[in-house]
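Protein chains in written order, with our numbering: chain W, 1 to 128; chain A, 1 to 128; chain R, 1 to 128; chain Y, 1 to 386; chain Z, 1 to 386; chain C, 1 to 386.
Source of the hints: derived by calculation from the structure; they are not laboratory data. Be aware that one or more of the hints could be misleading.
What the hints assert, rightly or not - Computed cross-link-like contacts, DSS-like style, restricted to lysine-lysine with a CA-CA straight-line distance of at most 27 Å:
1) R:Lys10 - C:Lys142
2) R:Lys35 - Y:Lys42
3) R:Lys10 - C:Lys296
4) Y:Lys93 - C:Lys93
5) C:Lys217 - Y:Lys42
6) Z:Lys41 - Y:Lys217
7) C:Lys119 - C:Lys326
8) W:Lys35 - Z:Lys217
9) Z:Lys317 - W:Lys10
10) Y:Lys119 - Y:Lys321
11) Z:Lys41 - Y:Lys262
12) Z:Lys142 - W:Lys10
13) Y:Lys202 - Y:Lys326
14) C:Lys41 - Z:Lys262
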Amino acid sequence: MLEQLLMSLKVMVLGMGTVFVSLIALIWVIEITNKVLNMSQQRDKQDINHAQKNPNKAEAVNGNFSESRRDDTIQEDEEEIIAVITAAIAASLNRSTHDIVVRSVKRVPYNTPAWNRVGRNQQIAGRL
Amino acid sequence: MLEQLLMSLKVMVLGMGTVFVSLIALIWVIEITNKVLNMSQQRDKQDINHAQKNPNKAEAVNGNFSESRRDDTIQEDEEEIIAVITAAIAASLNRSTHDIVVRSVKRVPYNTPAWNRVGRNQQIAGRL
Amino acid sequence: MLEQLLMSLKVMVLGMGTVFVSLIALIWVIEITNKVLNMSQQRDKQDINHAQKNPNKAEAVNGNFSESRRDDTIQEDEEEIIAVITAAIAASLNRSTHDIVVRSVKRVPYNTPAWNRVGRNQQIAGRL
Amino acid sequence: MDKPFMEVITGFLSDTGFAQISWQQGIMIIVSFVLLYLAIKKEYEPMLLLPIAFGMLLANLPLAGLNDAPTGVYGEADFQPGGLLYYLYMGVKLGIYPPLIFMGVGAMTDFGPLIANPKSLLLGAAAQVGIFAAFILAILLKFPANVAASIGIIGGADGPTAIFVTSKLAPEYLGAIAVAAYSYMALVPIIQPPIMKALTTKEERQIVMEQLRPVSKLEKIVFPIIVTTLVSLLLPSAAPLLGMLMLGNLFRESLVVDRLSKTAQNELMNIITIFLGVTVGATATAENFLTPDTLKIIGLGLLAFAAGTAGGVILGKVMCKLSGGKINPLIGSAGVSAVPMAARVSQVVGQQENPGNFLLMHAMGPNVAGVIGSAIAAGVFLNLFG
Amino acid sequence: MDKPFMEVITGFLSDTGFAQISWQQGIMIIVSFVLLYLAIKKEYEPMLLLPIAFGMLLANLPLAGLNDAPTGVYGEADFQPGGLLYYLYMGVKLGIYPPLIFMGVGAMTDFGPLIANPKSLLLGAAAQVGIFAAFILAILLKFPANVAASIGIIGGADGPTAIFVTSKLAPEYLGAIAVAAYSYMALVPIIQPPIMKALTTKEERQIVMEQLRPVSKLEKIVFPIIVTTLVSLLLPSAAPLLGMLMLGNLFRESLVVDRLSKTAQNELMNIITIFLGVTVGATATAENFLTPDTLKIIGLGLLAFAAGTAGGVILGKVMCKLSGGKINPLIGSAGVSAVPMAARVSQVVGQQENPGNFLLMHAMGPNVAGVIGSAIAAGVFLNLFG
Amino acid sequence: MDKPFMEVITGFLSDTGFAQISWQQGIMIIVSFVLLYLAIKKEYEPMLLLPIAFGMLLANLPLAGLNDAPTGVYGEADFQPGGLLYYLYMGVKLGIYPPLIFMGVGAMTDFGPLIANPKSLLLGAAAQVGIFAAFILAILLKFPANVAASIGIIGGADGPTAIFVTSKLAPEYLGAIAVAAYSYMALVPIIQPPIMKALTTKEERQIVMEQLRPVSKLEKIVFPIIVTTLVSLLLPSAAPLLGMLMLGNLFRESLVVDRLSKTAQNELMNIITIFLGVTVGATATAENFLTPDTLKIIGLGLLAFAAGTAGGVILGKVMCKLSGGKINPLIGSAGVSAVPMAARVSQVVGQQENPGNFLLMHAMGPNVAGVIGSAIAAGVFLNLFG
Ligand code: NA
Ligand code: NA
Ligand code: NA
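The shape of chain W in the complex, shown without the other chains (with noise of 0.2 Å):
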């Protein structure tokens, strides 16, 4: 019984110790990666802040960053949209907006018939 207990008590220290162990050691991890990436940030930023200066160099600096800001700008516009047909079906509705979501807009899918679109581009084009 005691012998079982005292064995139960180490399993217990060694877990813990690891369980413990392993999340503090990720606390420093994700610290010094946020103060990494912190830095490196700003860095961009000011390099931002210096391109936007001269835009023409700009454009070959954070040639591989425009994609993902292109990004966030096309977010913000969808969540606008989705805020203007809420609050388009709230005051139809004659509620608030705080019961209604509209979950999703969707836009021409990018990759599947990727040769539709322009195929029908060409057709509107064609019939101009």
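Given the coordinates of chain W, work out where chains A, R, Y, Z and C with the ligands should sit on it, guided by the hints.
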């Protein structure tokens, strides 16, 4: 040949017998269940009638059931909303509503990013 | 080394040969199919032209095809509806329609709760 | 690769399907084209007939090897994996796909009309007579009992049940039986009306039935639990099909696991439908399919549908008499299942006599009862011959 | 079939479940009804408790054979396939389902609040004390170490982790442990508040915490990669659960594989939830479940939850002191995981004292940390007893 | 557990990954980070490269055991289940995943532009020369024929085909070949334009092509049936890939099984993409990946893409001449497949010379023809070396 005919007739009697016995047993059980449930529901209704006169007590007695009733209300609400949206679309299309059915209007999902929702509310509150 | 080169050249000839033979065979078959189908379609068209003068007969002759044509009509209708809804949303958002695409407007699904639908109609009829 | 080049090419050519195809395989390929035509142009149960027909096409292309078993032991050097359809077919062979499809069907089915009028179950029982009539005739045509049972179950007008029973009792007949079952299910609007009209009078067909009582949410929740418990105790061999049907229905009616209900009736069911259809079709190799037995199966299947329809309508007439004319016997034919096609046929035939007659809701009771009835009949066969 | 008819019928009747059911199976069926009631009416974690209860029902219907193993060799003539649940259970037995569910959970989880306040991880660590407290008591109650570990892991308040560990260490206890784990997760709003109030002062509960800093997209992307690498190096046995959790989270945060993220958290997760629930429930046969051990497990499970809650709150108090009153100790209880229920409990208890207090976001940090913590504790047990 | 405590801790520490990691594994972990960066930040085919990179990370964490094979016999007491990725990898090893992905691709592909201009097929054939050029060079670099074939197929610019062939012919190279194939597919917009410009004149690039004729619904339905039958008869070993590609396309074009079409191209494909990506990545252990062969593979892969591009463009120039200048040779480069990226490249390069030139629709013909062509080339290799 005759033997096989006899065998297959036995199978038929046994088979149709099993089918009928099972389904007749099911009829009984459904009818019994129906009666039992109706009895308990009528008792519930009386409770509710009783409760509506003493609203404070109702909360206590029917606590468990209130949730499901709330659910029904939500569903009815949703049907109402769907009806309104359908009518709006139909009006703008100058069509009868028989033809078009808005399949679903989604609210904020309950389960997934619950803290997002609260976080959002917090942020909204923070800006006020 | 030379032997290996020879072997691999054989594989290349065999491989490219198979690819070209298969795909050229495919070209022939597609072109033959195209001609056969076009011939039968033109015959169909003539039938239709003929039939449109005798509408009663048309029903009998083209019974099997009417369904698929009905389908096309529905699809066109749907595109029209989608166009209208898109325009409405775009108008209220004051944007061009190039940007927004209503992906789908769903009708009552055909397969699943067929009896629900009739039941609903019945109930509606019952209230009239 | 050290061989002379011409020999390599000759060897390569002799490996083409053109060099190896038998005339039987040619015929099977044409049969698969006909089935594709029926599935796509005529919309004969396309959800299953299209994959079945394509599987049939793939299985009859010589040397494609999609059905081949593996050789050697997995993980060892000499292992040669089997064909794609060999592996996907395991879900049929092991009896996994049909119960999962039943779960999806359960999640799509509203048993309300049956609960509102439990006597419908009698009509769903009577229509199973087609199964046993076809079984007797198949025995008389010298089919062994296990095959005769698989043929009979075509009369259940329920694809997954037919596939489940046949895969266990007579897998070499799977292709023919599945094709027959789904084809006749698609032909229900053509097979049933003449029988229904021949067996009923104009007055009977005009009977308007009382509106069904509303069914409470609680009854709908309790129903699948009761059916599972009661029927599985009476006939344990029906538990895989009925249990999963009722699990799906409980997902639907409980209203608390909407996610699971939707997945069971949509993505999971679609995935399994694809795998089931293609692999069942792929059992229809020339060797298995191009036999006189297939013609007999097609004949017996038609008879099973007709006898089931008649059984339902006749009990409908009896119940009409006993109820003092309150029951329209036309709803009896819906007892063969083939949900919801058979119920629509009852509706249409009833409306032909009386345009104001709405039988669909009343016919849905026997219709869904027929699914339960067929599953029980399947359980009897599995118990006796499995 | 050559036997006299009466004999056939007698044989048939003796094959019914009614003739074979034991009273223990009857009790188990009633237990399954109670669990169905809790799942549907009381909404106790219905997504898993409903399938578990139905699996329990199916497994205790005599002769239904849904759990039966196959006999013979696949592909040979004498092969008899096993039951549906036998095959679906392989995903549990082989440890496939829980990591895939974790992938879905990862795709649904926002680790932002944890990244914003990494010290939350300490609270998520402290709450794991419940696991080891229950383990010690289980050892003192004479459970073997592998079973005691499986019982302890109930205190992780994390269903898939409990199932993963138990299926590897003590599969015969799977039913009881899964039922206990999910029931207590549903009861978190009842179990935790009294403990939280007993251990904190009114002043502590009123503490309003500072708003969390915003977390950049890049930090959220880097987080799952770091956690996988670091924790898997420290404790390799935690890699299956944590690795898949973090893969799902990377799907979510990377923003470039939206399709995969949605499928992981919806259809794939739903399909596996159905299979997992039903088959785990089906391990709860009368033989396995109706033992005194089950009662002990239920008791120890409750204790584990209570101890974990206390552990989190007590460390919360310590951190409150050390931070000079900036941390509300109520967020410590969220460290048991049970996402997002436990965090909501922190929010509600906090608001009872101070209606303007919004703790939810702050409690989400320890809450998701608790998931990581339990996975690590599970890894320790698997390392020691696996 | 009876051992002295220090010994337990020492044993526990020696079980950590830090104590066991080799420098090769460390390098592989860094390689996986680089691939994650390319997948997420550069969006190099993230749908597959992200799971591949994560699988690589998991497989190189020492002792995590996600790839481990089981020991003992399933169902017996001494059975130790294998790792998650061991089981999921079976779908690759048995050749199940790639054909199912092809089914989804088929359901997403519109073969209309190819049917409207069947001569595109010649360009799709010519671009396969890259496959065989890389094969020859690989042979000269002393690779055995089966490995050389797997390397060559990178030039098919078609991930599932490359994985299918490699998993059958040279599974130990799977990681390197999959990484090369998907990376170069992502790099198509960088690799192709210089070659296209070098091989064409300004006048050729400015050619505006006639609008394609409309393609009827019936032609689109008949097309997948014909391709399956004809090509599978000519080259049976291409049937698994091409047959499933065409089944998916038939789901799409038949318009009667919309449910199946959507599931094939969405949920089913996403689930399999996750499993395929992670397990293929997990074959890239340090032992398999960190060899000089990997560098050679990367070099040969680049060469294969370049040669395929050149082959397509050169045949395009020939066809341009023969047609009297009606065909813009830029559409030839799209024949390498990499749908729809390569077709977009044709469009962009064409527009650079003539802003009013819309080549995309015309390039889609060779582009989808390239998928068929690569599948045929794969069939040749499987026939010769399988
Ligand atoms: Na039936
Ligand atoms: Na936890
Ligand atoms: Na290609």
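Going down the list of hints, with the structure as the test:
1. R:Lys10 - C:Lys142: Cα-Cα ~17 Å, so holds.
2. R:Lys35 - Y:Lys42: Between Lys35 of chain R and Lys42 of chain Y the Cα gap is close to 24 Å, so the pair holds against 27 Å.
3. R:Lys10 - C:Lys296: holds (23 Å)
4. Y:Lys93 - C:Lys93: Between Lys93 of chain Y and Lys93 of chain C the Cα gap is close to 21 Å, so the pair holds against 27 Å.
5. C:Lys217 - Y:Lys42: holds (15 Å)
6. Z:Lys41 - Y:Lys217: With Cα atoms ~12 Å apart, Lys41 of chain Z and Lys217 of chain Y stay inside 27 Å; holds.
7. C:Lys119 - C:Lys326: holds (12 Å)
8. W:Lys35 - Z:Lys217: The hint holds at about 14 Å.
9. Z:Lys317 - W:Lys10: Roughly 26 Å separates the two Cα atoms, so the pair holds.
10. Y:Lys119 - Y:Lys321: holds (14 Å)
11. Z:Lys41 - Y:Lys262: holds (20 Å)
12. Z:Lys142 - W:Lys10: This hinted pair holds, its Cα atoms lying about 17 Å apart.
13. Y:Lys202 - Y:Lys326: holds (15 Å)
14. C:Lys41 - Z:Lys262: holds (20 Å)
Consistency note: the structure conflicts with none of the earlier hints.
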